[in-house]
Every structure is written in structure tokens, then in C-alpha cells.
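Chains as they are written, first to last, in our numbering: chain A, 1 to 257; chain B, 1 to 257.
Honestly, I wouldn't trust all of these hints.
[Stated by the list, open to error] Partial list, derived from the structure: chain B residues whose beta carbon lies under 10 Å from chain A:
| # | residue |
| --- | --- |
| 1 | R41 |
| 2 | V42 |
| 3 | S91 |
| 4 | S122 |
| 5 | P142 |
| 6 | E145 |
| 7 | L148 |
| 8 | D151 |
| 9 | L156 |
| 10 | H160 |
| 11 | L162 |
| 12 | G230 |
| 13 | D231 |
| 14 | S234 |
Read the hints as simulated data drawn from the structure, not as lab findings.
From the three backbone atoms N, C-alpha and C, an ideal C-beta is built for every residue, glycine too.
Protein chains: 2
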Amino acid sequence: MKDPRRPIGVFDSGVGGLTVLSALRRALPQEDFFYFGDTARVPYGSKPLSMVRRFAWEIAGFLLRQGVKAIVVACNTASSAALPDLAEDLSVPVFGVLEPVAKAARGYGKVGLIGTQATVESRAYERYVEVSWAKACPLFVPLVEEGLWDDPVALLVARHYLEDAPQDLEALILGCTHYPFLKGTLARVLPGVRLLDSAEATAEEVARTLRREGLLNPEGQGRVVHLVTGDPESYRNLAERLGVKVEELKQVSLEEL
Amino acid sequence: MKDPRRPIGVFDSGVGGLTVLSALRRALPQEDFFYFGDTARVPYGSKPLSMVRRFAWEIAGFLLRQGVKAIVVACNTASSAALPDLAEDLSVPVFGVLEPVAKAARGYGKVGLIGTQATVESRAYERYVEVSWAKACPLFVPLVEEGLWDDPVALLVARHYLEDAPQDLEALILGCTHYPFLKGTLARVLPGVRLLDSAEATAEEVARTLRREGLLNPEGQGRVVHLVTGDPESYRNLAERLGVKVEELKQVSLEEL
Numbered sequence: 001m002k003d004p005r006r007p008i009g010v011f012d013s014g015v016g017g018l019t020v021l022s023a024l025r026r027a028l029p030q031e032d033f034f035y036f037g038d039t040a041r042v043p044y045g046s047k048p049l050s051m052v053r054r055f056a057w058e059i060a061g062f063l064l065r066q067g068v069k070a071i072v073v074a075c076n077t078a079s080s081a082a083l084p085d086l087a088e089d090l091s092v093p094v095f096g097v098l099e100p101v102a103k104a105a106r107g108y109g110k111v112g113l114i115g116t117q118a119t120v121e122s123r124a125y126e127r128y129v130e131v132s133w134a135k136a137c138p139l140f141v142p143l144v145e146e147g148l149w150d151d152p153v154a155l156l157v158a159r160h161y162l163e164d165a166p167q168d169l170e171a172l173i174l175g176c177t178h179y180p181f182l183k184g185t186l187a188r189v190l191p192g193v194r195l196l197d198s199a200e201a202t203a204e205e206v207a208r209t210l211r212r213e214g215l216l217n218p219e220g221q222g223r224v225v226h227l228v229t230g231d232p233e234s235y236r237n238l239a240e241r242l243g244v245k246v247e248e249l250k251q252v253s254l255e256e257l
Numbered sequence: 001m002k003d004p005r006r007p008i009g010v011f012d013s014g015v016g017g018l019t020v021l022s023a024l025r026r027a028l029p030q031e032d033f034f035y036f037g038d039t040a041r042v043p044y045g046s047k048p049l050s051m052v053r054r055f056a057w058e059i060a061g062f063l064l065r066q067g068v069k070a071i072v073v074a075c076n077t078a079s080s081a082a083l084p085d086l087a088e089d090l091s092v093p094v095f096g097v098l099e100p101v102a103k104a105a106r107g108y109g110k111v112g113l114i115g116t117q118a119t120v121e122s123r124a125y126e127r128y129v130e131v132s133w134a135k136a137c138p139l140f141v142p143l144v145e146e147g148l149w150d151d152p153v154a155l156l157v158a159r160h161y162l163e164d165a166p167q168d169l170e171a172l173i174l175g176c177t178h179y180p181f182l183k184g185t186l187a188r189v190l191p192g193v194r195l196l197d198s199a200e201a202t203a204e205e206v207a208r209t210l211r212r213e214g215l216l217n218p219e220g221q222g223r224v225v226h227l228v229t230g231d232p233e234s235y236r237n238l239a240e241r242l243g244v245k246v247e248e249l250k251q252v253s254l255e256e257l
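Whenever a hint applies, use it, and build me the whole structure from the sequences.
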């Protein structure tokens, strides 16, 4: 059963986790992936955590039935909702996006957090690092999905959300997988603050664990199959707006989960 | 069965339809209402129309089981998806938000339309009126829900969406129940263009039909029971940010639909 040639399953509510997928592909070019975007039920960030937890279990079960050797929960809300339970109860390694970036934040003085409403309210990051200031930023996801991350609109919205951030903030956790697109804009609003994104930190953690467990794929082709619960063409358009070329794409009905 | 003392059922994917509810209450102060917000599955605007159609049928069935005498689909996406079928197949009067405002638009020369992606792509307004220019504006809903409708951010976003509107536009249909909040901002960007919102037009149509059918409530108290599929407290907070006081509020699980 421990066949290292099996793919890695990555899931998110929609396209945000593609930033994590890209970091994983850079760190692990010989791995194959299923990327599952639950686009019929996006967004997770405004839903009750108990509901998001149920979605995470459904999708993890589905990915296991496709034969994945590891699961990456590439969504902060789902990581907040479903971890650590999912990792404890499944037989394959399961990774969330919170712990790796939170560990990276520990070296800094005052640490801030931005994310969806559900992530911020869950206080899940505080299991791993002391958070001095946290803010839900619901407009950032639609701004990114509109391709406006470098637009003056994004700058104005970022100023709106960050105006009450402490002056002596040293690092800011980008607690949503969409936010790496906004790094340039955020750096203009908070010059000198270290912006920590979960994609790179998570990819490093996954690579380290697979190596340790003897699960690195010796012969993978870097193949990615995208699975979505909503409209496939809308997904393709949105992914391509975010710079991700979608070659293999299938729709999964919610009844199959 | 034609008891005029029964309530009217109003539904939307979330809080947007509250603009329609408010117009209905002004036009029909003696009516009682169920307002159903499908907040567990919001937004509808980015989902496939076939899925939204299924949701609309589920909710209509639920409202009929609660004994409503009429149904108002206070959501442009659901109206686009489920009407006219729903009106033809149910035994109570069913109203969408498209036809009344589209009829009001007929008196103008060049008519534009703004709405969600699903509404714009459905071309449903074109059943009733010639639309010369149409644009999906996905950021408007989260902007309104953040309470930013009069903020400089809203002005910048409105300029972004409307920059390619024809110079000789005479009227603009606000094809989403959230958009009436943005009227002030839109008027600044498109001075001289008549902004047509569906809330008032729909309320007039409902009042006219109930009167004609002998269904006006002689003794209602203007009672409103809010029913939501997602988290009740989040709904209450959001509704109150939009100026609607929520007195009676119940959660409905998706399994009850």
C-alpha cells in the first residue's frame, strides 16, 4: 500500500490552493497530483466551521478512494476546521497550511494575521504562534479572482483593512491561499513588515516528510489532474487568470463525495 | 386554501433580497413574511444555473410546506435560473425580480445591465427588454456586505467596471438585489443615467397581483420570520449592517429542504 508512485491529493474550496500546488510542484517536480477545487461550495471562509469540517472529510475520503499517498489541505479555513483530527484519523500523511507558516513566524517579535472571517475567528493559528493582531479581509479573495491584485483598488482596500495594524508589527501571516498574489500591494502598505505565506512553508514540510517516509516518487511526470465540483470552464478561466495552465480537468458531482 | 391571511415567502441566496423585502413591506404593510436566506450555499452568482435551479425548487417546496400564499424569488440569479418554470408549475403566484424592472426599462433608449456572472451570462433579461451593454461585477456584492457602498473603494471599483459603458446609455438595470446600496456611487460614475432597481418594481407587481387575486391580508401585522441555512448570528450581523433589524430568526438545515 505504501506505493510512492501514487499521486498527492491537494484540495481547496476553489482556486486559492493553486498557490500551494505551484509551490509543491517547484519543490517536488517528480510528483503527480490531484488538485481538488470544491468550486460548487466555495467560499468556505464565510461558512460555519462545522460545515467546512464535514466538507473536508468528504473530500479527503474521495481523494483516498482515488489512491492518493498523502493529502494537503491547501485551504486555511479547511485546515482550521479539520486539522489535527484529519491527520490523526487517516492512514496517509495529511498536511495543513497553518502549522508550517506559523512555525516560520515564531522567530519574529509582534506577529499579525490576515485571513477569511472563519480562519480569523477560529483562532487556529494561536495553537502554534502568538498572534498580536488579526483581521478578516473578505474583499481580498474576490479582488484576486478579478485579477486586480496590482490595481489601485487593491491598494485602497489593503489600506482600509490594515489601517489599525500595530506600528511595531514585525511579520504578517498571509492566512489565506489567495493572498500571495497581493504581496506587492501589501508590501507598499506595510513597508518593512515580513510577509509570510503558507505555500512555500507547506511545500517544504511536505517534501521533508515524504523523503523521511520513503514516499518520494522515483518516476513521476509532474502530472496534475484538476477535479472540480462546479462548472469546469469557469474554473479553467479563473485558474488561467491566476497564471495556472489547466490541462486535465474533470467535474466531480457532489453526490460522488 | 386561498386564505389571504397566510404569509408571503421571499427567498434569496443570502441578504441581498432584503432590499426586496423592505420594498414589499413598504408597499404591503399588512402582510406577514417568511424571508429565506440560503446563506449556507451563498453565492449563487458564480454557480452553474442548473444547480441554482435545483436550489430554487427546494426552497420553493419548503416555503409551500410552511403555508405561504405567494413566493417572491428575490434573487436575480435564481430568477434567471428558475423562472418562468416555477411560476407555471406551482399553484401559488410566483414572482421573479427580472420581469418588473425589465418592463420599466422598456421606455428608455439604450439600456445597460450589471449583475452577477450567472445573471449576465444567462441573458435572461433579454427575454423582456433589449440590452445593449452588460457587465458582470463580482466585487459589488462583497463591497456591499462589507458596508463600503459609499467608500472611495466602491467608487474606484465602479469606475473599473463601468469604464466601457456606452456614452449614450439612457438607463442601467441594477440586476442584483445588493446593488441598490450602490446607487449613490453609481450615479457619480454615470451621471444622467437612470438607475433602475428591481426592488420597487417587483413590490408594485406583487401588490397589484395580490389585490387582483383577492389575496391581500386584511389583518396581518407586518411580521417577518427570517429562515437561514447558514450561521444565524453571522446573518443577523450582516442584515443589521445593511440596516435591517432581525427579530425572529431560525436556522433551517439543508436536510429539511
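Now for the hints, and whether the structure bears them out:
1. R41: holds (7 Å)
2. V42: holds (7 Å)
3. S91: Violated - the Cβ of S91(B) stays beyond 10 Å from chain A, reaching only about 30 Å at its closest.
4. S122: violated (13 Å)
5. P142: This hint holds: P142(B) lies near chain A, its Cβ roughly 5 Å from the closest one there, short of 10 Å.
6. E145: Nearest chain A Cβ about 7 Å off; hint holds.
7. L148: The hint holds - L148(B) has a Cβ within 10 Å of chain A, the shortest such distance being about 8 Å.
8. D151: holds (7 Å)
9. L156: At about 5 Å, which falls below the 10 Å cut-off, the nearest Cβ of chain A leaves the hint on L156(B) intact, so it holds.
10. H160: holds (6 Å)
11. L162: Status violated, d = 13 Å.
12. G230: holds (6 Å)
13. D231: holds (5 Å)
14. S234: Nearest chain A Cβ about 7 Å off; hint holds.
Violated hints for the displayed structure, listed by number in ascending order: 3, 4, 11.
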